[in-house]
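Novice: Starting from the given sequences, assemble the full structure and let the hints guide the process.
If you're matching them up, the sequences are chains A and B in order.
Those letters in the first sequence? Residues 1 to 331, per the numbering used here, in order.
Those letters in the second sequence? Residues 332 to 657, per the numbering used here, in order.
Accuracy of the hints is not assured; some may be wrong.
[What the hints assert, rightly or not] In silico DSS-like links for lysine-lysine, alpha-carbon gap of 25 Å or less:
(1) 528(B) / 271(A)
(2) 13(A) / 307(A)
(3) 271(A) / 582(B)
[Said to hold, decoys possible] A short, non-exhaustive set of chain B residues, derived as facing chain A with CB atoms under 8 Å:
(4) 372
(5) 543
(6) 547
(7) 589
(8) 590
(9) 599
Everything labelled a hint here was simulated from the structure, so no lab data went into it.
Quick caveat, the model's predicted, so the values are computed rather than measured.
Every residue, glycine too, gets a C-beta built ideally from N, C-alpha and C.
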Amino acid sequence: MPNDIIFTVNNLKVHFDISSPFITRLINGAPKLVLKAVDGLSFRIRRGETFSLVGESGCGKSTVARAVSGLYSVTSGDIIIDGQNLAEVKNKSKITDISRRMQMIFQSPYASLDPRWRVRDIIAEPIRAFGLAKNKEDERSQVEKLLRQVGLSERDGEKFPHEFSGGQRQRISIARALSSRPEFLICDEPTSALDVSVQAQILNLMTELQDELGLTYLFISHDLAVIDHISDWIGVMYLGRVCEITPKAALFSNPLHPYTRLLLETIPDLKGNNKRSPLEGEVPSPITPPSGCTFHPRCPFAKERCKRERPELITLGESQVACHAVEEKRL
Amino acid sequence: MAVVDISNLCIEFPTRRGVLSAVENLSLSIEAGEILGVVGESGAGKSLTGNAIVGLLEPPGHVTAGTIFLNGRDITHLRESEMRKIRGAQIGVIFQDPLTSLDPLYTIGRQLTQTILTHQDMTRAEAKKRAIDLLIEVGIPAPEKRFDAYPHEFSGGMRQRVVIALALCCEPCLIIADEPTTALDVSVQAQIITLLKRLAREKGVATMLVTHDMGVIAEAADRVAVIYSGRLAEIGTVRSIIDNPQHPYTKGLMDSIPQIGQNLKSLPNIVGSMPRLDDRPSGCAFNPRCSKSKDICRRELPNMIAAGDTGQSAACWIYAEGDEYA
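Specialist: Here's what the structure looks like:
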């Protein structure tokens with residue numbers, strides 16, 4: 001059902017100009033340099049579900065999160081939320097409404113909370129910015145409710161961020177993100193700065209809140225076990241492109257793309273019985289990506305065609321995959 | 332004889348509001364060729380223990396009791412000038428972030444040869460040859476070309492290899508690796524772990540691997556020490572700790588790690604958080620979070636005793652003799 005889709009990204013491109021200053025370029029005869037952090041990315045998210053982007057560092061997953069939330073400007077492509085194309089919305093009150101409905105949780109709760117603000121002010125800022133409280137009393141009760149919702153006590157509102165541990169700070173970030181009553185949360189590695197025992201608490205809190213408030217998550221992580229726990233759908237990214245989009249169960253039982261297989265093989269296993277074969281090589285630089293399929297230099301199934309032609313996403317059952325080998329049924 | 336032998340180590344930080352004891356009565360030892368994993372939450376004191384061994388505790392932190400023996404020599408309170416001779420020569424250190432542990436202004440070749448020349452009696456040409464051999468050993472392609480490259484010209488994984496090469500310069504008998512893979516991607520992580528394991532097996536280097544990542548521990552370590560709030564909670568072989576943890580904290584820690592294909596609605600977790608150092612409860616530091624805590628746990632500090640049938644020991648009253656616990 002199309003009206004089920006709350007969020008669509010179509011052919012999103014985010015390019016950064018990283019050339020030297022004009023005069024230096026002129027003297028050295030150097031060309032312009034463009035870093036294609038995200039280069040043609042498409043996915044859709046259904047209401048109430050969690051869509052995750054996974055990939056190694058430098059693959060562009062955080063850039064997607066920042067472009068979608070408006071922190072980076074988009075080079076081209078559409079971001080559509082609830083049928084409204086963000087690029088076409090010009091009406092100021094509509095823009096405010098969209099930003100209220102979309103909030104973000106950042107990776108490091110040490111950097112994302114202002115150390116000079118009291119926790120209650122941090123949480124109340126979106127409430128004030130969007131005028132969501134009738135009066136001071138109402139604002140206060142909203143903040144107290146949010147604190148309880150994320151498992152902190154009402155008295156914690158009077159404290160400053162440095163008085164809290166990493167896990168508690170991340171709870172404060174979540175309370176702040178929820179204070180404008182959003183429907184859609186962008187979570188950029190929300191647990192990777194935390195210890196495992198605390199990570200479990202935060203992940204549980206996030207799933208509880210999703211059930212309670214019907215939230216939709218765009219979840220960014222490099223940790224496949226975390227992704228497996230929280231997602232409904234998973235997109236695997238490599239060098240600014242999606243190589244596979246698939247329901248969670250299919251990714252782990254039946255990975256299609258050679259890169260996905262390789263990622264699954266490199267997960268450290270607690271049982272200690274899989275001798276993971278260390279994969280040779282690293283992610284190439286996105287400034288000078290390989291021709292054709294960007295994964296071909298590391299791919300054991302690469303052929304001539306992979307070096308020449310860039311594979312597009314093809315649909316296979318519920319999944320989508322961008323790979324010539326899969327298309328040609330070599331895999 | 333163990334390469335490094337720590338007994339009853341205490342590290343304290345005097346502050347305006349009183350003395351914080353960050354590490355209490357910690358004892359452990361590492362044999363040649365063995366990798367000892369040290370795990371615990373941030374702030375548990377795992378890095379401090381590593382820093383104490385190499386004499387790099389940040390003041391005002393200092394060792395107040397206990398001893399550290401390296402190959403039978405007491406190095407607990409060595410003078411800085413003495414310690415410098417040991418650090419880099421007998422003990423190699425690998426830190427978490429390879430970018431901050433290399434000097435951005437010098438080529439990696441210069442950093443390597445300088446370390447070699449400081450500790451060993453060699454000519455410049457010999458040192459260069461040794462440096463290139465080291466780069467080959469840690470798996471850097473085209474080492475002659477890379478010799479004159481600066482740290483920023485390397486990727487994260489390659490940089491960490493250079494740091495490992497630096498740690499290996501003078502063939503140390505002990506390597507302290509403090510979160511060596513945390514800043515790296517999983518695929519690169521596997522390469523670095525394989526390298527560390529090879530060094531332990533082939534060169535008989537004793538390795539202390541400090542990390543909070545149980546996956547890395549499962550793959551690399553021979554034995555594991557679990558630290559909670561500055562105290563040793565459990566120590567044993569890697570399989571016994573992972574498959575059959577005995578201390579309630581270790582159990583909770585192992586359960587809270589998400590596993591692929593588990594399909595749980597919510598992850599098991601330990602309620603609450605680790606106490607602050609100035610606010611440590613009396614008795615066992617874990618008692619407020621422990622589902623099995625009894626009176627004695629709140630009163631008295633448990634000692635390390637044999638626990639379970641897989642040979643590890645744990646600091647928990649459950650395993651104490653007699654019926655004090657009941």
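Novice: Could you run down the list of hints and mark each one as holding or not?
Specialist: Hint check results:
1. For the hint pairing residue 528(B) with residue 271(A), the CA-to-CA distance comes to about 17 Å; that is within 25 Å, so the pair holds.
2. With a CA separation close to 22 Å, the supplied pair residue 13(A) and residue 307(A) stays within the 25 Å bound.
3. Pair hint residue 271(A) plus residue 582(B) holds up; C-alpha atoms about 15 Å apart against a cutoff of 25 Å.
4. With a least beta-carbon distance of about 4 Å to chain A, the hint placing residue 372(B) at the interface is held under the 8 Å criterion.
5. About 6 Å separates the beta-carbon of residue 543(B) from the nearest beta-carbon of chain A, less than 8 Å, and the hint is met.
6. Given the 8 Å rule on beta carbons, the hint for residue 547(B) holds: about 6 Å separates it from the nearest Cβ of chain A.
7. For residue 589(B), the shortest C-beta to C-beta distance to chain A is roughly 4 Å, which falls under 8 Å, so the interface hint holds.
8. For residue 590(B), the interface hint holds, the least distance from its beta-carbon to any beta-carbon of chain A being 6 Å, beneath 8 Å.
9. Here the hint on residue 599(B) is kept, as its CB sits about 7 Å from the closest CB of chain A, short of 8 Å.
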